[in-house]
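Student: Assemble the complex: chain A is given as a structure, and chains B, C, D, E and F must be docked to it using the hints.
Protein chains in written order, with my numbering: chain A, 1 to 286; chain B, 1 to 286; chain C, 1 to 286; chain D, 1 to 286; chain E, 1 to 286; chain F, 1 to 286.
Think of the hints as simulated: they come from the structure by calculation, not from any bench. Just so we're clear, the structure is a prediction, and the values are computed from it rather than from any experiment. Beta carbons are placed, not taken as given, at the ideal position from N, Cα and C, and that holds for glycine. There is no bait here: all hints are sound.
Simulated DEER-style distance windows between Cβ atoms: (1) D:Q97 / F:E195: 48 to 56 Å; (2) D:E143 / F:D2: 16 to 24 Å; (3) B:D2 / C:L62: 56 to 64 Å; (4) D:E143 / C:T4: 36 to 44 Å; (5) C:Y245 / B:E142: 47 to 55 Å; (6) B:D63 / C:E199: 20 to 28 Å; (7) F:H86 / C:Y245: 35 to 43 Å; (8) B:D101 / D:K248: 47 to 55 Å; (9) A:G207 / B:E143: 47 to 55 Å; (10) D:I16 / A:K102: 56 to 64 Å; (11) D:E143 / F:E160: 52 to 60 Å; (12) A:H86 / B:G207: 43 to 51 Å.
Spelled out from the first residue to the last, the chains are:
6 protein chains.
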Amino acid sequence: MDFTQFYYPDRFIGSIEDYEKADIVILGAPMDYTVSYKAGSREGAQSVRPASWAMETYSSRLDRDLEELKYFDLGDLVLNMGHAEHSCNIIENAISQILEDKKIPFTYGGEHLITWPIIKAFHEKYPDLVLIQLDAHADLREEFFGEAYSHATVMRKCAELIGPDNLFQVGIRSGPREEFEYGKKYTHFYPYRLEGAIEDINAFCKGKPVYITIDIDVLDPAYAPGTGTLEPNGVTSRELFDFFYSLKLDQVVGIDVVEISPYHDLSRMTSVMGCNLFRELALKFF
Amino acid sequence: MDFTQFYYPDRFIGSIEDYEKADIVILGAPMDYTVSYKAGSREGAQSVRPASWAMETYSSRLDRDLEELKYFDLGDLVLNMGHAEHSCNIIENAISQILEDKKIPFTYGGEHLITWPIIKAFHEKYPDLVLIQLDAHADLREEFFGEAYSHATVMRKCAELIGPDNLFQVGIRSGPREEFEYGKKYTHFYPYRLEGAIEDINAFCKGKPVYITIDIDVLDPAYAPGTGTLEPNGVTSRELFDFFYSLKLDQVVGIDVVEISPYHDLSRMTSVMGCNLFRELALKFF
Amino acid sequence: MDFTQFYYPDRFIGSIEDYEKADIVILGAPMDYTVSYKAGSREGAQSVRPASWAMETYSSRLDRDLEELKYFDLGDLVLNMGHAEHSCNIIENAISQILEDKKIPFTYGGEHLITWPIIKAFHEKYPDLVLIQLDAHADLREEFFGEAYSHATVMRKCAELIGPDNLFQVGIRSGPREEFEYGKKYTHFYPYRLEGAIEDINAFCKGKPVYITIDIDVLDPAYAPGTGTLEPNGVTSRELFDFFYSLKLDQVVGIDVVEISPYHDLSRMTSVMGCNLFRELALKFF
Amino acid sequence: MDFTQFYYPDRFIGSIEDYEKADIVILGAPMDYTVSYKAGSREGAQSVRPASWAMETYSSRLDRDLEELKYFDLGDLVLNMGHAEHSCNIIENAISQILEDKKIPFTYGGEHLITWPIIKAFHEKYPDLVLIQLDAHADLREEFFGEAYSHATVMRKCAELIGPDNLFQVGIRSGPREEFEYGKKYTHFYPYRLEGAIEDINAFCKGKPVYITIDIDVLDPAYAPGTGTLEPNGVTSRELFDFFYSLKLDQVVGIDVVEISPYHDLSRMTSVMGCNLFRELALKFF
Amino acid sequence: MDFTQFYYPDRFIGSIEDYEKADIVILGAPMDYTVSYKAGSREGAQSVRPASWAMETYSSRLDRDLEELKYFDLGDLVLNMGHAEHSCNIIENAISQILEDKKIPFTYGGEHLITWPIIKAFHEKYPDLVLIQLDAHADLREEFFGEAYSHATVMRKCAELIGPDNLFQVGIRSGPREEFEYGKKYTHFYPYRLEGAIEDINAFCKGKPVYITIDIDVLDPAYAPGTGTLEPNGVTSRELFDFFYSLKLDQVVGIDVVEISPYHDLSRMTSVMGCNLFRELALKFF
Amino acid sequence: MDFTQFYYPDRFIGSIEDYEKADIVILGAPMDYTVSYKAGSREGAQSVRPASWAMETYSSRLDRDLEELKYFDLGDLVLNMGHAEHSCNIIENAISQILEDKKIPFTYGGEHLITWPIIKAFHEKYPDLVLIQLDAHADLREEFFGEAYSHATVMRKCAELIGPDNLFQVGIRSGPREEFEYGKKYTHFYPYRLEGAIEDINAFCKGKPVYITIDIDVLDPAYAPGTGTLEPNGVTSRELFDFFYSLKLDQVVGIDVVEISPYHDLSRMTSVMGCNLFRELALKFF
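With the rest of the complex left out, here is chain A (with noise of 0.2 Å):
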């Protein structure tokens, strides 16, 4: 049978066959049982796979095409439905192992805390990580409904686990008076827009490893109905992609873009720029 005729949609776009001879990892981790408004965010990794296949593999602003890249798409974790502390635990492990074997992880979530057990596995070997946030939220919350594993307590966590100056928030409009204060007084935090951020973030990151969050609501709704919590008065799309293309970083370790829902989202137009994140952001920093 001559396989090449056929094509998995499943599959991201450029993916290759072989996990052995892949640089980057892509992988799903479809958890959503925490977030407390709209739930769907388990589909998120799903939704973006057949959307890339009307993606092009080459990016013009960067003058680079995903077919210079080799990664592999894993597929999604098979985690503990509404367990988040098991499946936290199954997606730590995961990681660990994808950092073990030398290559790169780019997770789709899921909701936020999926970052959680990620940060978790990357500051094991990055000792001295970097963690830049795009969000909507600050997700500093120390609980949420009484549960510490949480979308909402998620930021808080990982600060307190790599150390809150390590930790750069961007494009933050949303959260009660605490977590403003906390932002303001311990990381690095840049509410609203993003442009503000890029050269502290330029000069901070010089040598580091640095991974990249991005909570796809930092969009406003208009650019990406898809999710979970949508907040008003967001950055557009350009000023999102412009804010990567000013970045100047030597080592980007990581990627995860979570809280894509495609179930609100008729035109699926969120799950697009999930994978156009990839692309930019593979291309730009890997």
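Tutor: Below, chains B, C, D, E and F alone, put in the same frame as chain A:
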């Protein structure tokens, strides 16, 4: 201010203002963390309430009117998002309190797991409880994705608590072989159709306290598209209502309707079905 | 220009170019102001026309083809948005004119209130008119939210005009007790199902002019999700068509199909049903 | 029963239990009969309330929290469906009562016509009222489809009542030539963009009672797809919020947000915008 | 890396990793160029695969489990978008190769035209092939909009190739008079309902190789809203499954399911039906 | 019959009754067979017409009213479904006839391939034609999925016919490297943004016949979600309109707007944009 010129589309139509005076209590249990496919049933109760305002309070089949009943709408429980066990505890406590207050709870899910804490509370009060389950799925697994607290294990847990001989499972049409074998061996098991169960139920339940749990997916997806796990070849709405009209039960002590998930149902016909089930069942049995 | 190489997808398929030559006239009455729940039926006729282009003009059941009929599509009436009484006057005048021109009107709603001005115009011409109503609701209220002009009062007004003894109400399954009492007492009242009415109708209507009004919600929501007020436990499409195939009517003088509301029906199956009703009824009765 | 463990997802988040103690009153006016294109705004207020539960009560821009305000959610008015004039009377009476009770009404439409009875009530109490209108349409017609009571005539009626010199029309980008001529000649008219109006408004309104009416279609459809009449080339959400942050008004006496129509907005971003407008405007002006 | 902890949600559940070891092959043929009404069936196979992950692999009716079968999911064919004839060649070649490899193809459309190249490949191998078609439409036109390659001509072409006496057409309810005349005259023609055909099929097919093609629109739109051309008054899902359970066929050599078009089916019930058809038919016939 | 009391929502608002008297002709070319991702643009023109009835005929920016123009709406062409080449011939012939009749065609797609037969017809009449393309994609491939007739090759074919030096490509942001290289080398190529092109176009086009083709995906998906291939990081509606307001063209001889695909756009904002483009461009250039 003349408050009667206003209405709350969020409050079930016809509900009274005073909890103390109510015989029946409507409440929502917005848990959907353990579902394996599509989330969204956390908005089940929320979607039923506004739909109730388009429903007549009079049932022509039963020639009774909801005005003859006294029911109070408690709203939705505040749950620990993402933690099934903790949420179950909250539900159990609330139901226990309602039972202590000598009221009949009518609970809207949420996912089917909510029936577990409800039955725990009921079994305390009614040790000889009979449980009638209408469902596409037996939900008799011992564990699911490694978790004991799951929508797929809920009836196994209930069966073990009240004794499988007190469990009627009606309309079941999907599940692994083990569940069908368990059901056929231990519970009153009536797969695929509803009619066959009527006489047996009427005979068995004479004089006993009965709880009814309705997973909306017992209906064919044509009649209830708004649910998490669609199963073709289900029963029609006419068969479902005729089943209830034929039941002769001395003492129905509680009812729940679960797995209404409005995201995927543009017409909201599943939510409309949900509020009609309250009217017909409350007028028939209470 | 060879105009035959073009088509208007929103003109009913097969409609002729010349009003004068037509025996039948299709028109839309886009009024939906008095509906109590979901608006949207103003787009009923608009949604039926494009759907007609996917419909065969041949009816295999009746072995007749729409090509054998001459019908003209007048478009939608320009109504006084938001003023029910003024809009009713416009509808009545238009129907009167069509009747004066010796043509048969086939009207798409809009809400059910449009049937009131239509029947007023028909009653002028046919004092012995028989009215057959297929509907989930009796629409026999004397007033509704303080208004006499309402979708919920329309059949009461018609009954009082033509005499309740000339009104057949078939498929009724929802309404307050008063409406059921009025119906059972005064009109020919066939609740829930259609079959029982056939022989009575055939006997009663012999030699009489008959008008048929179909509220699409007589169908179960599974078969017609695109309507304003969904009522579970309705009739199937097969039952509806078989009802019409069994009728033997000497003189059907007009028909309307109301309450098609396409907003909530992504597949547009309700609009497709609407245009199939034209084909089958026009070929059966005209 | 411990009622604090329950919440009503359709009651505006943070609203207090006692009308008497409230300074601000939220109410819905579910009228959409006179709209010329797509109906549906009758569900505007209903859709805003559940959306409010995903909104933080803290505004980081204003560094204030809704907890600092006392507001009561009255629910939706019971209106005479389909009769615009009667419904307007009901609205006017309710607003008059609220003003008499010395509370500030924050009204969600419904269509824009609701602003007419509101302004009538306000003008009684505040003869020198200034009205600031943000809107894509001037709504300055003298009549519309033969009716004086119409969403398209509402501002003409208001202008004639309070004097066109007391009307600021901002963001207008659509209408017949006559409306633009009237606006340019008689009212304070700022078409297309918002910025230009700020200084004039701040100067003019010094010491005066000001009412703000926001037709959500002032926003570009990208930011507010859920409305009846989409007008391309509108303002962005950032421009809208920045406009309000720049206003310096001594005495805002009431606000309404109209034409939110959730049917056509799967993500409900327009309803989310609606509840954010309450938070930002109430915290800014009350 | 332990790959078993991941899954591809868009690979059919239970499919094995090695083409060589498979007895059955699932593939998609994403062609929808010639459909006359709504396009979208190109995403038919894509939508069935993720839906399969919510399906039990065990069939309680047949008491068999998909684990007992060995099937490989080839993915979707890469077709020449917009060129029906070239695409048909690709499909024919792929099916021929699968047959040469002694495997049974189970193909998801795409539109019904894909059955033409499939039957061409099968007829090469099985000159006495019997074709059973379940469909709302006879698809017996000689040409359609001037084109011979069309979803409306596919069964005419097949009939002429294998002989109309080897074609069973079941459930047909829509088409021009010519098609019904041809069908009644030349093929085994069972319009409207399924039951009547069973005995004839069982008798005729004894010992013969049989191919089954299912146009999902044989179902009533209530049961399969996600298809290009909705035809009211179809069969129910129960009737469809019971039809298959009653067939006694010695040698089913291939199956296709066509015209699933997920765009217009928010709940995806049509795609769920599609994957259930694989389970029940594969377990019954293979 | 007084026909003025009716309107056809299917006919573009304001279109006149007599083809002969028209200066401008609106027509639809419902071809979408060669699109590689989501089909649906065959309903583009169909969706624009009813949307036009919610649009004012007056443009306040241009201070002109559509009443000043004479345009006729021809409806949609009857095309050979599924055969791109044959359909192109039909389109070319229709456009040639319109040009022969000395009228200006304004064509709604359909997919972008329709521009190829249009330009062929125009080039016959205007050998020095300048083509201005607004688009996310260059569409400069030599072939696509093995086919020369494709939405992805259309501009290459046009460039080769009229000379690449007569082609302005504005807003291009997606495509393979080869297309960007060709564009930069041979055509007037203005990627990403629109502003830069204005002066060059105004200078170059002086005195020349100009055709404008607008692929709606030049807009960011936030502003035009209803299209087949979404490309993030596009232009805003304000930028698009301002671009046109700044053009100074002596002789615009024809315009098309393509790739509006209403299926995926619940609010229909893309169709509304489509009819606004007619108003603004016709009033600006005709």
